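Participant: Residue-level listing of the chains:
Number of protein chains: 2
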Amino acid sequence: MSAAFTFNASATDGAARVGEMSCPHGRIRTPAFMPVGTAGTVKAMLPETVRETGADIVLGNTYHLMLRPGAEQVAALGGLHTFMNWDGPILTDSGGFQVMSLAKLRKISEQGVTFQSHIDGATFELTPERSIEIQCLLGADIQMVFDECTRYPCERDEARASMELSMRWAERSREAFASMGHAGQALFGIVQGGVHADLREASARALCEMDFDGYAVGGLAVGEGQELMLETLGRTVPLLPDDRPRYLMGVGTPQDLILSVARGVDMFDCVMPTRSGRHGQVFGWDGRVNLRNASHADDPRPLDETSSCPAARDYSRAYLHHLVKSREYLGAMLLSWANLHFYQQLMARMRAAIVEGRFEAFAKQTLARLSADGNQV
Amino acid sequence: MSAAFTFNASATDGAARVGEMSCPHGRIRTPAFMPVGTAGTVKAMLPETVRETGADIVLGNTYHLMLRPGAEQVAALGGLHTFMNWDGPILTDSGGFQVMSLAKLRKISEQGVTFQSHIDGATFELTPERSIEIQCLLGADIQMVFDECTRYPCERDEARASMELSMRWAERSREAFASMGHAGQALFGIVQGGVHADLREASARALCEMDFDGYAVGGLAVGEGQELMLETLGRTVPLLPDDRPRYLMGVGTPQDLILSVARGVDMFDCVMPTRSGRHGQVFGWDGRVNLRNASHADDPRPLDETSSCPAARDYSRAYLHHLVKSREYLGAMLLSWANLHFYQQLMARMRAAIVEGRFEAFAKQTLARLSADGNQV
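Chains as they are written, first to last, in the working numbering: chain G, 449 to 825; chain X, 449 to 825.
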C-alpha cells in the first residue's frame, strides 16, 4: 500500500549511510536527530522553530504523556500531532526507560510494571500491550516496543534475564501493534544485553526473527562511557539488517553522533541540546561554551556570526550571559534554539559528506575541532 | 534639526486622540502600549515577535539594568538597542518606582536615594543626575525624570512634600538631560500628587513651566482603585499641553486603557499582559480566561480562531492548559505572545475608532464585551 512505512539507504560511505524514511506524516532524512518533546513540547521552542532548525521528526515520551494529560485525553483531542501543533512525523518511546528512571515504587513482573506517578503518586501499570495502546492513542508514526532498560553496571546473569524479559515483551508488543497499529505506522525493536557481546547478539537475532520495521540499540549511554558504548555499538550494528533503520536511543554529544554514524546508525534522540541550552551550555563547531562563565560578560561577539540561526547570529555572548545569569526565559529559548540548530546542521553536514564520499575526512576534521574546547565528556 | 523628537496628534474624538511620535529609532503610533522589557528582554518573547504583535516601542527598567549587567556595561556593548537586539524606540523609566518597591534598606534624602540591590545586597545610589546618566548610557529614545512615586494611601502633608521633592528632582533631571541627552532623545516630566487634585495641579503647573517633551502621570495604579485613578486622571490631563504626549505609567487592564484613552492618554506601559501570561491568564475580547482552570482540560477550541496571532489561533485551550499545568516554557511563551498581540490589537482598534470618529461607541461596546468574564479587577 502507498502509505506503507519505508526506509531506503541511498548512499553509503564505509558503514555510514544516508537514507530516507517515509511515515504517515512525512519523510525523515537520515542520519536524523530527533529533538525530544517530553511532555508534548520541545522545551522552550515553538514547533515552527523546531521545524526551521531542520528537524524532520520529534520524539514524544509515553511515560510523561500517559501521566499528564493522559493518552485517552490526547486521543480525544485529535492525537499528539494536533495536540502539540506538529504536523511532521513523531516517534514515541515505550515508557519503559522513564518508568525506571522517574517513577516511584516500581514493581516489575512478567506481566509488566506497576508504578506511582512522580507527579501525584497515582498508581499506573505499563505492559507491552498498554504501551502500544498508548502509542497508538497518541498516533505516533514510529512506535517502540516496551522493554526494560538494563541498568549499568549489571552482572551478566541479571543482564541476561533482563534482556530475555525484554525479548518476550518485544514479541507481545509486536502482537499488540499488529492489531492496533494503523497503516504506515512503524514498530521498532530494541536490542538490549548491556555491554555483553553475546547477549547483544542473542537479542539482535531474536528481534530480527520477529521482523521489525526498524531496530534500536537501547541500554547504552547509561554510564558505561563512550569507549564501551562505541565498542558495543560497533558489535551490534552489523547484526542488524541493512534494509531497516537503526536507532541509537538517548545519544548524545556531537562527538557521539559522528562516531555512531560512522558505525552505521541512522537515528538519534537526546535531551542534551535543549537541556544544556536551559543550563547555559551551547554547542558549536569549536566545542562547548558555558555562557554562565563570567568571561562572556563583556564579549560582544555572537555565538557564530556565520550561522543561519538568528539565536546564534543576532545576540552577543554578553547578552546571552546576562539572560542566563538573570534566569530569563529568553536565555533558555535562544540557547535551546541555537543548540538544536547546531545539531541539525551537524546532521546535514554528515549527510552531505556521506553522499560525497568524504565522511571519514569530515568526521576526523570535525572531531578535532569539537575537542578544541577541552571540556568534552 | 531633522532628528528632533516630535509629536503630532492627527485626529481627535472627544478627548481621545491619535498621533505619532518620532524618535531616533523610529516612529511610535499613539495611543501606544509599550511592552515591558524589564531586564533587557520582554519576558518569554523574541524581540522580532514583540515587533510582529504591533509594538512600536518597548520599555526598559533603569533599576534592573543598573544592577545587572550595569549601565556602563550596556553602553560598552553598544547601548540597550544593540544589547537586546531591538532596533525600535525604547523608553526607560528613571528607576525611582522600583527602588521603592524592590530595593532593600532605602534611604531617601534631598540628594537622592541610596539602597541595596535586591539581587546581591550591593549598595547603589540613584540621584536625578545619575538616573539621567544611566538612561543616556542605555541610549533610551525617551527618558523619564527621577521622581519619588508617592505611596498610597498617603496623608496630604506627606503627599505634598513628596510631590515637591519630585518637582525639585525633575528640575535637576532636566538640567542633567540638557548636558547629557543626545539629539532627538526626549525627556518626560512626571506629575505626582497622589489623589489630591490641588497637588496634581501644582505638580502639572511646575512641570509645564520646565517645558518637557512629554508628560507622564505617575503615582496611579498603586492601590487607589480604578474609580479614583480615573477621577485623578480626568482632572490631571486637562492641565497638560495638547501638543505633548501624555503617558499613564504602569497601567493597566484593557478596560483601564480604553477609559484612559477616552480621557486623552497617549501612552501606556504595563507588565500585565506578560506577567498574566506567565501565570496562565489570557486577555481577549470577551474578557479574561484563566487557563489553569480544569474546565479547559478537554476544550479543543483555540483562544480565538479569528485572531491573526498564531499563539491564539493554532493551539487548543486544552493544550495551553496542559502547558500551564506542566509549567512548560512554551505556556509562558504562547500566552505572553497572545496577550501582547491582544493589547496591540486593542490599541490599533482604538486608533482606528478615533480616526473614524466612533471612539465612544467602540469604547462602550468593547467595555461591555470585556466585562462578560465577570472577574475583572
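Worth flagging that the hints you see were computed from the coordinates, not collected in a lab. Check the hints yourself; a few may be wrong.
Copies of the same chain look alike in the list, so a pair counts if it works inside one copy or between any two.
Stated by the list, open to error - No more than 30 angstroms apart at the CA atoms, straight line, and that leaves these computed lysine-lysine pairs for DSBU-like:
#: 1; residue 1: K552; residue 2: K491
#: 2; residue 1: K491; residue 2: K773
#: 3; residue 1: K773; residue 2: K812
#: 4; residue 1: K555; residue 2: K773
#: 5; residue 1: K555; residue 2: K812
#: 6; residue 1: K812; residue 2: K552
#: 7; residue 1: K552; residue 2: K773
Values in this document were obtained by computation on a predicted structure and should not be read as measured data.
Participant: Look at each hint and say if it fits the structure.
Facilitator: Consistency of the hints with the structure:
Taking CA atoms no more than 30 angstroms apart as the test, K552 paired with K491 passes inside one copy only; the shortest distance there is 24 angstroms, against 35 angstroms between copies. In the homo-oligomer, the alpha carbons of K491 and K773 lie at most 30 angstroms apart both inside one protomer (19 angstroms) and across protomers (14 angstroms), since each shortest distance falls under that limit. Taking CA atoms no more than 30 angstroms apart as the test, K773 paired with K812 passes in neither setting, with 35 angstroms inside one copy and 46 angstroms between copies. Only between protomers do K555 and K773 lie at most 30 angstroms apart by alpha-carbon distance; the minimum there is 28 angstroms, versus 42 angstroms within a single protomer.
For the identical chains of this complex, K555 and K812 are neighbours neither inside a copy (46 angstroms) nor across copies (63 angstroms), given an alpha-carbon limit of 30 angstroms. When the C-alpha separation of K812 and K552 is checked against a cutoff of 30 angstroms, the pair qualifies neither within a copy, at 44 angstroms, nor between copies, at 56 angstroms. Taking CA atoms no more than 30 angstroms apart as the test, K552 paired with K773 passes between copies only; the shortest distance there is 21 angstroms, against 33 angstroms inside one copy.
When the structure is compared with the earlier hints, violations turn up for hints 3, 5, 6 and for no others.
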